[in-house]
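*Asks:* Residue-level listing of the chains:
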Amino acid sequence: MAGYTYTVFILMIPLVIFLITGLMGMKWKPIVSGVIGTAGMGISFVLSLLAAASYFFGGTHGAEGFQTIIPFEITWLRLTESLIIKMGILLDPISVMMLVVVTTVSFMVHLYSLGYMKGEGGFARFYAFLALFTFSMLGLVIATNIFQMYIFWELVGVSSYLLIGFYYQKPSAVAASKKAFIVTRFADLGFLIGILILSFVTGTFDFGKLTSPDGAIFAGAASLSFMGISALTWAMTLIFIGGAGKSAMFPLHIWLPDAMEGPTPVSALIHAATMVVAGIFLVARMFPVIHFQAPASQEIIAFVGGFTSLFAAVIAITQYDIKRVLAFSTLSQLGYMMLALGVSGYGGEEGLGFMASMFHLFTHAMFKALLFLGAGSIIHAVHSNYMYDMGGLRKYLPITHITFLIACLTIAGIPPFSGFFSKDEILVAALNHNKLLFAVEYLVAGLTAFYMFRLYFNVFWGKDRHYHHTPHESPLTMTIPLVFLAVASIFAGFIPFHHLVTSDKMGFDTEMHLAVAIPSVLIGLLGIALAWILYKKESAIPEKLALRWGILYTATYNKFYFDEIYLFVARNIIFKYISRPVAWFDRHIVDGFMVGIAVVTEKISFQIKGMQSGQLQHYAFIFVAGTLALALSMVYFLN
Amino acid sequence: MIQGIPIEHFLIVSTIMFFIGVAGFIIRRNLITMLMAIELILNSVNINFVVFNRYLYPDQLQGQFFSLFIVGIAAAEASVAIALIINIYRKLQNIDVENVNEMMY
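Here the protein sequences line up with chains S and W, keeping their order.
Sequence positions in the first sequence follow numbering that gives the first Met the number 0 and run 0 to 638.
Sequence positions in the second sequence follow numbering that gives the first Met the number 0 and run 0 to 104.
Note that these hints are calculated values from the structure, not bench results.
Computed from a predicted structure; not experimentally measured.
Built from N, CA and C at the ideal position, the CB exists for glycine as well.
Treat the hints with care, as some may be off.
To be verified - The calculated label-pair distances, taken between Cβ atoms and stated as ranges, are:
| # | chain 1 | residue 1 | chain 2 | residue 2 | range |
| --- | --- | --- | --- | --- | --- |
| 1 | S | 618 | W | 4 | 31 to 39 angstroms |
| 2 | S | 618 | W | 56 | 31 to 39 angstroms |
| 3 | S | 622 | W | 67 | 55 to 63 angstroms |
| 4 | W | 61 | S | 157 | 56 to 64 angstroms |
| 5 | S | 593 | W | 70 | 45 to 53 angstroms |
Stated by the list, open to error - Some chain S residues flagged as far from chain W (calculated, every beta-carbon gap over 10 angstroms):
| # | residue |
| --- | --- |
| 6 | 518 |
| 7 | 542 |
| 8 | 565 |
| 9 | 567 |
| 10 | 623 |
Assemble the whole structure, with the sequences as input and the hints as a guide.
*Replies:* As C-alpha cells, then:
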C-alpha cells in the first residue's frame, strides 16, 4: 500500500495555492499569482501522471483485477460509535483516470489563462478560485466514502458559482451564477436524501463496502420499501438526481448554457471537462449498487441520458453564440455518457457500456476542453461570442483553426480521432441493450457532426466580416494548451481502456464492431457534408429553411422555452401559492407574536416607570427593606 | 479566646454598627455622611469576619485576610466616591443627594 502516499500532494498543492493566492494575491503583481498557480498545477499534473502510470502499469493488477488502494485515511468526525465520517484517498481505476483528467485540463486551463485573462481585473482572485475548484474536484474523485464526496461536491458547486459570477459587475453573470447554484443545489437535496436513505439501509458510507458486487450489505434492505418501490431504488434515483443536476441532465439542464457567462477558460475547465462529469462519475462510482440493487433506476438513467443527448443536439443546431453551441454539445455528450452507464451490465464484455462511458468521459474532456479553449482564442481575437460576427478566420488564426478542426473531427466521430473509438463503444453498448436508444444515439451522432461543422464553417470559412482590427493569433501561453489538447484528442483513442477502466476492474478484449462503426462514420460524414453545403459559402438556404420550419425553429432557438416554463412555474405557482402564504404567516403570526410581546412590555413599563424616582436613598431603602423581608421570611419558613 | 468576652458581645456590636450604617445611609442627605455610613457597614462586616475567624477556626487566618482586603478596597472605594462627590459639587454647588436625580425616568 505504501508508495502512493504522495497522492496527498496532488490534492494539497491546489489547496495551498488557493490559500496563498487568495490571501496574498492582492499584494503581488497579478502575474505572480498566475505563475504560482500554473507551476503548482504543473506539479499536480506530473504527480497524477506518475500515479496513473504506476497504478495502471506497475503491477497492481492481480488475479482480482486492479486493486483498490487507500493510501491515506483519517477519521474526520466521530459522531457516535457507528456513525463515523472519514476523509481519505481512494485509488481505483476510475478515480486514477479522473485524477489525470482533472489535473490535465486544469493545468492546461491555468496555462491558457495566463494569456487569456491578461490585464483583466481580479487576476489573483481568478487563480485562487481556479485552485479552489481543482482542489474540490480532486477531493471529489478520490473520496473514500459518499459523505466526503458530498462535501467536496458542494465545494465544487460553490467554486463553480464563484467562477461563473467572476464578472460580478455584469448583471447577467450574477443571474447565471445564482441560477447555476440554485438549480444544482436543488438537485443536491435529492443527493443528500439519497445518501441518508442509503446509509440508513446499509449503515455505512464507505465506498469499499457499498460497491462490492456481492451485495451482502444490502441483505436487510430488500424488505424496505416506500410507495411500492424499494428503498434502494429510491436512494439510487435520488442520488442520480444529484448527479443529473451537476451533469445538467434534462430537465435540470437549464443552468449550463447560462453558465457560459463565466470567463471562457472557466467554461472549458468546469462546464465542459471536469465538473459536469461529476454526475457521470458519481453514477459510475455507485454503479454496482445501481446495477444490482436498483435496475429500475438504471433504466431511468439510460432514458434520461438518451433524451438529453437528442434534445440538446437539436437545440445546438439553432444557436448563434459559439459558447452556447458548445454548451449544448456538452449536454449532448454527457447524455451519451449517462446512457452508456444506463445500458451497461457488470463484468467483462457485459460491462462494455461502463467502459465506454469512462472512455468517452476521458476523450470528451480532452476534445471539449480543446473546443472551449479554441473558442476562447476566437473570442479573444474578434471580441464577440456570436457567429454572425465571425467568418474567414482561418487566415488570421492558423493554429486555432487547425486545432479546432481536429476537435470538430474528433467530436464528429471521424476515425482515427479519439471520439470515434469512444462513441463507437457507446453505440455498441446501446445496440446490445435497447434498439430505440441506439437509434436515438445514432441520429445524435449525425446531428453532432452537423452542428459542430456549422460552427466550424461559419467561424473559419464564409465571408470575411468587418473587424475593428485585424484578428491576430493568440499568444504562446494560449496556443500551447491548444496544441497539447489536440495531440491528446488525436491519440487518446488508442489508450486500451478496456484493459484499464472496467466495471469489475478486470480487463476484457474488445474488437472493432464494423457493423456499427461504418454507419456511424457515414452519418458523421453526412452531417459534415450537409454543413459544408449550407455554411461553407454564404448562402440563403439556412435562412429559408429557418423560415420554412417557422414555429419549430423559433421553439428550438428559444431552447423549447424551458427557462420560461420554469420561471412561470416559479412565479405563478410556487411564489403565489406557497411563498406568499408563508410570507404572510411569517409577517402576521410569527412577527405579530413578537411585536405583541414588545407592545405589552412597553405598556406595563409605562405604567410603573414612576417608581424610578432617581433618588439614591429611595432605592437604598427599597433594597434594604427587600433584604430584610427576605431574611425574615427565611427565618420564618425555615423554622 | 479573648478572656471572658463571649462571642455574642462582638456580634451585637457589629449588628448595631451595621444598622447605624444602614440608617445613616438612608436618612442622611449629605453625600459625605452617606459615605461614612457605608464605611460603618463595611467595618461591621470586618468585625464579624475577624470574630468568626477567631472563635470558630482559631488556627486559620482567612477571616483576617478578608478583612484586610475589605479595608484595602474600602480605601480605594472612598477615593473614587470622594472624586465623584467633588465632581457633583462642581456641577451643583452642593452635595445634597436629593439634587442628584438626573437618572430619573
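*Asks:* Could you check the structure against the hints above and give me the numbers of any it violates, in ascending order?
*Replies:* Hints 3, 10 not satisfied by this model.
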